[in-house]
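Visitor: Read top to bottom, the protein sequences are chains S and G.
Using my numbering, you'd call the opening residue of the first sequence number 1 and step up by one each time.
Using my numbering, you'd call the opening residue of the second sequence number 900 and step up by one each time.
Source of the hints: derived by calculation from the structure; they are not laboratory data.
Be careful, since some hints might not be right.
When the alpha-carbon atoms are kept at most 20 Å apart in a straight line, the in silico DMTMM-like pairs for lysine to aspartate or glutamate are as follows [as the list claims (entries may be wrong)]:
| id | chain 1 | residue 1 | chain 2 | residue 2 |
| --- | --- | --- | --- | --- |
| 1 | G | 1344 | S | 849 |
| 2 | G | 1329 | G | 1096 |
| 3 | G | 1344 | S | 767 |
| 4 | G | 1344 | S | 52 |
| 5 | G | 973 | S | 52 |
| 6 | G | 1266 | S | 719 |
| 7 | G | 1082 | S | 849 |
| 8 | G | 1044 | S | 767 |
| 9 | S | 581 | S | 596 |
Please read all numbers here as calculations on a predicted model, not as lab measurements.
Here are the chains, one letter per residue:
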Amino acid sequence: MDYDVLVVGSGIGGMESALKLGDMGYKVLVVEKEASVGGKMILLSKVFPTLDCASCISTPKMAATIHHPNITVMTYAEVERIRRDGDGHFEATIRQNPRFVDEAACTGCQLCELACTVAVPDQFNADMVSRRAAYIPFPQAVPKKAVIDRPGTSPCTFDCPAGIKAHGYVSLARSGEYEKAFNLVLESTPLVGSLGRACFAPCEDGCSRGSLEGPLPIRLIKRFVADTHYQSGVPLGVEAAEPRGQRVAVVGSGPAGITAAWQLALLGYGVKVFEAAPVAGGALGLTIPSYRLPGEVVAQDLGNVEAIGVEIEVGHRVDDLESLHDEGFEAVLVATGTPRSASLGVPGEELAGVMPSLQFLQASKLGQAAELAGKRVVVVGGGNVAIDAARSARRLGATAVDEVCLEARAEMPAFDWEVDEALEEGVTLHDGWGIAAVLGTHGVEGIDLKRCTAVFDEARRFSPTYDETVRQTLACDVVIVAIGMGPDTAAFSPTLDRRGNGALVVDPQTLQSRVPHIFACGDVVDGATMITTAVGQGRRAAYMIDRYLQGQPFAADQYELRVPRVDPVDVLRRQKSHSHKDPLGSGKALVAEPSDFHEIEAPLSEAQVHYSAGRCLDCGVCSECQECVAACPADAIHLDMQPQQVVASVASVVVSTGFKLFPADLKPQYGFGRFKNVITGMQMDRLLAPTRPFNTVLRPGDGRVPDRIAYVMCTGSRDQTVGNPLCSRICCMYSIKQNQLIMGALPLADVTVFTIDVRTAGKGYDEFYVQAAAMGTNFIKGRIAEIRELENGNLVLRYEDIEHQGALREAEFDLVVLAVGVQPNLDTKGLFGDGSLQHDAYYYVEEIDEDMNPGQTSIPGVYVAGAASGAKDIPESILHAGAAVAQAAAHVEAVRVGA
Amino acid sequence: MSERKIGVYVCQCGGNISDYVDVERVREAVSGDPDVTVTRTAMFTCSDATQQEIIDDIKAQDLDGLVVASCSPKLHTFTFRGVAKRAGLNPYRYTQVNIREQDSWAHTDDHEAATEKAIRLVKAGIARTRLLEPLDPTVVETVPKALVIGAGVAGLRAAIGLADIGLGVVVIEKEAEVGGWVKEFGPMFPHERDGRDLIEQLLGEARRRENIVIFTSAELVRKAGSFGNYEVDIRTRGASNMTRRLEVGSIIVATGVDSYQPAEGEYGYGIEGVVTLPEFKRMVDSATGPLTHLGRPVRDVAYIYCVGSRQGESGPNQYCSRFCCTSAVHTSLELQGKDPTAHQYHLYRDMRTYGRYELLYDESREKGAVYLKFPADRPPEVTRAPGGKLEVAVQDQLTSQEELRLPVDLVVLVTGMVPRQNSELVARLKLPIGRDGFFNEIHPKLRPVETVVDGVAICGACQFPKTASESVTSGLAAVAWSAAMLKQGRAELDPQVATVDPELCTWCGACADTCPYAAIGQLDLGGGRLVATIDPSTCKGCGGCVPICPQHAISVLGYTGREVEAMIDSLAAEVA
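Work out the full structure: start from the sequences and follow the hints.
Guide: As structure tokens, then:
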């Protein structure tokens, strides 16, 4: 792409620059970071001293800019870097950020805004009200196209190995849309109720609330959503696509297999699941104890799968994968998990009374386990399965349950809270012990333990060492071995490649085995993992099988493209103040002698769900709840859009990136951010604007119309304590403008301006000041030392009254406006990566010859226009833009003739 | 019977209109008109989305007329003509109805009446639109050359800027020498650039460019022509008085300002040792060490600010002269550098060292200058004191409010700028003058160098007091304006101009006499039959000639007699 001039930023300076250059006949590229052109001016109420409506005089410029035949505008785009190339041109690399909305298709109807479940502070209303994550910046936006605000993926969603949109269902639950929340989980997996109980919830580990008062109970919200759905009797809200006529066999009905079957059936494939065990669900149906995951819940989840036509055949073990192909299955997915328990390999293991953990848990879950009343049980192992076994043994009546593991407590692979709960239920832990032998003659009588000195070697490989001299014997009747699980894949050899531990070998990206139509996923490939990991692999397998069956390239790198994880530091910074909301306590009722397999965790009540979901900080802003996608009549929303890089060659650059407003919370003595009725000048401008948020001037604390309004001038300007000795030029005039507008809007209000010098040095400006004073604004020469808040939200200003012998006085007001000043926009620092664009001591773009060539920067051919080089009001910015483009045009002419 | 297909859009203007006018009722009131095909209301009709909606309507419904009832035509006529154009509708079949400035804002106290008035106004707009014929813009070739009047810092820099974009430049300077005020200055704030050097450099740059011609002792004596094609007569004085006729495409006025001259006795002016800021600046610039005045050392200096500015009831100048605070502080620092032991007292009202200039104020205070703030209603008084000293009495608001009496050697009256008297130029160019006496721009916010006179821009301090670099900035902005107008070599002009019906005209000449733009001439149709003819590129469509014509032979396209009568009929008709 070739242009004559690149204009960076589309505020009033940028628009003026582009329009003048376009009118001269030069080809101009404008790059704007926000989703609309217009900069700050379009957000103002009126302009001084003419009191023109800012919208009314900005919108023609905005429309003219975007429609000009010589101007190309990229909004929601950023200049990443600019470098000079050899022939006098500049090469600009521009990142087009994804709006996640097809600009051509969007009609600006705003239905997505109505549907969106996330509200965040509206930066275009100076954070005084909320906007949605799906939004149009402001009513006069140009282009008036929606954008989905996605600074990153929320940690809960990003961290879910199953790819479940955790933030999405939390935000839907917050809106009371439980059925939609349920359906959103269904997009990933049918196992909603099971995951709501048995998932180890990696989503909660990264929850940004976790670093405040504690994470949200995300898993329990999912459980509530599932329970609500199942109790409602509402039919399943999703339907399979039209049948495709192709059939797929899934071997194994655990989380991976069932999820894959679900996904494939949704796509229209005929799916049959073969399960060797008498009950479907894999670990969910067989080994996770009922007190954690009742069998009925698993059955309900499996009912979803059957409801869309998947056939599940239990008690059917498949050893001959090839025969399935002959039966008409065009693809086969092996997801048989890790059904074999590892053995100890110590003397006495063959004694009656020694049993593998999975066998024990399965018997227990199916109600076939032997009574353990009066028995002493030793469980060997430190993982979650061992904990499940130990706690199940307690429930079956064992008088004593001793758990023995190699690891020290802190190193145990089981979750800490699982261990705690086991201890609370009367399990005795013997950590740091290995097994020397199982003792007994006909049956188990005891177990001989030896001290484990280290579990891992220096390379963190599992390689336990023992001190054989330190021994301990535990008397017992039963030993349950829970030291690991492995796949059962011998029968698949030699059709498929296997590793030494029996795991199947497949391409890690496509999950395809060496037999093209056979895929494998889940624990049979990866070894024992978490349920959600298996679910995630099942989804991936279904996607890959679909690509295979459709004859399309796998394009595995395109699978589930996501926005990078949002930085939690940014999330907390964005929450200037969040209300303190404590987490709910654990809903688990634990007893020292549990006697049955009733579910121990209480469900959340609807009120608790509402409260908990309301604690969500909306880290990634957009929750990916998909409501906008469904609501858009133009099908314009595509959450998988990716950033695009554009490289443009230009002869000259105009930097018109504008300014930032002083963050008023940097003057803590004024209380901004703490006192609700202390607002900034920009907030007052919004209160007065035609697109004002409340349709009147009111104070944010309680919505009351203020009677006494104070202005604190020079907030963040002429102030060494905040590092800014400069005068911001605009604040006196914008405050006086607001004074006049307030007196129009609230004729009874008293307006007092605390100031040192009133700086109204411009055409018609001093007259404007005199006019405000004549209208009744009270100008007091005084500096504000401190602002104090009263209980009723009123504010007491302590000030030095200069006109009265410098006496310290106090005055009470209903509303205080801080006339915040101007700060540099530091974005300019990165435009030229090599630092060749010089900045002055206050970080504004430096004009190297202001007397003769205003706007000229340290780089020949690069000009600065408007407030990027220092505070300017609107006409000054327009004039400065004129100066910049007069020189930019001259530069383009010189480049053209090769001078 | 429906003959036309007109779209009518009623704007809420985000509450500016809809808070007082029931826009939905307005829409309903005209929706039954058989010539009206589409009626809609919109939050902001000027927004991109609504513009697109109008375009879609025009295309889908094959509309042949467009009415937008919103704000002043000054704001959005071009916006909606552009909309029509993009939709394939002739842009001159558009009527903008002003229901904001002329209705909602004027009748905030009576919503009912405001709504009724809006209905009448919109109906009148429809009546006009019903009769509008398509028009095509007048295309003119433009002369790629600009005339710059005034060779001060703004004019010289503008000339160089124009030349560098490839335009020819003629600079005329009334004085025998170029450089204006700046050529008299030593170091200027804030970069300590020497004014004399700056002018020398600018002049050197200008002379290096072949497409710049500078005439000194020269004046504009005549201007004629039309947009982009002006004929100007330049008279030069001196050895050979002569007048040249030149063709230019645009004119940039950079005639500068004068310094305020205090009256005898104003703050002691006239007393030995009371000087103006320019006089003081020259003294300091030329000093090499501590200052002396009339052979006496200057140990104590008092500055009195706002002399000739912000005069309130004591004088005509109500404006703040903008540059003088910083200039006085800067000159005071210059003196401080030459004589670190001098005592300097600044007597000010509001210290207006705006922006970065604040750093000079900080520096001045750090180096020991004393700043005393006096109340506007109690200005300092200067009297002669015994022993050759002057005494300044001032009430300091910053400390005790007590009256201080300062014995000083020199009093500097910090005088502001005043508009320069250029009555001949003003008359020749019809330059608009504001209430402060400076030349007026067309819009102080968004079009600060353009004037209401086509092809004429203003820059530098003739528009309002400016610092040197601000003058240069506005000079270059005038360059950008000029290049935007001339660089492409052609321009499209509004075709809504007056035309003469030669069948009716009997040539009495009344129209030609009244035309303020000299757009009307005489045409010989042969056989001694003379009629008036109007140059469409000179005519502004002001309509002044229309009522003058005794034969009713003249009409303005887009506002023909029929069209205006139809509007009046509609306005006067009963509102149903």
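Visitor: Given the proposed pairing of residue 1344(G) with residue 767(S), does the C-alpha separation stay at or below 20 Å?
Guide: Distance ~16 Å between residue 1344(G) and residue 767(S) Cα, so the pair holds.
Visitor: Please work out if residue 1082(G) and residue 849(S) have their alpha carbons no farther apart than 20 Å.
Guide: holds (18 Å)
Visitor: Taken at face value, is the distance from the CA of residue 52(S) to the CA of residue 973(G) at most 20 Å?
Guide: holds (12 Å)
Visitor: Under the criterion that the straight-line Cα-Cα distance not exceed 20 Å, is the pair residue 581(S), residue 596(S) satisfied?
Guide: Roughly 35 Å separates the two Cα atoms, so the pair is violated.
Visitor: Given the hint that residue 1344(G) pairs with residue 52(S), does the C-alpha gap stay at or below 20 Å?
Guide: Status holds; Cα separation ~9 Å.
Visitor: Would the hint linking residue 1329(G) and residue 1096(G) be met if the CA-CA limit is 20 Å?
Guide: Violated: residue 1329(G) and residue 1096(G) sit about 35 Å apart, past 20 Å.
Visitor: Is residue 1344(G) within 20 Å of residue 849(S), Cα to Cα?
Guide: The hint is violated at about 26 Å.
Visitor: Assess, step by step, whether the Cα of residue 1266(G) is no farther than 20 Å from the Cα of residue 719(S), and give holds or violated.
Guide: holds (19 Å)
Visitor: Given the hinted pair residue 1044(G) and residue 767(S), is their Cα-Cα distance within 20 Å?
Guide: Roughly 38 Å between the alpha carbons, so the hint for residue 1044(G) and residue 767(S) is violated.
Comparing the model with each earlier hint shows violations of hints 1, 2, 8, 9; every other hint is respected.
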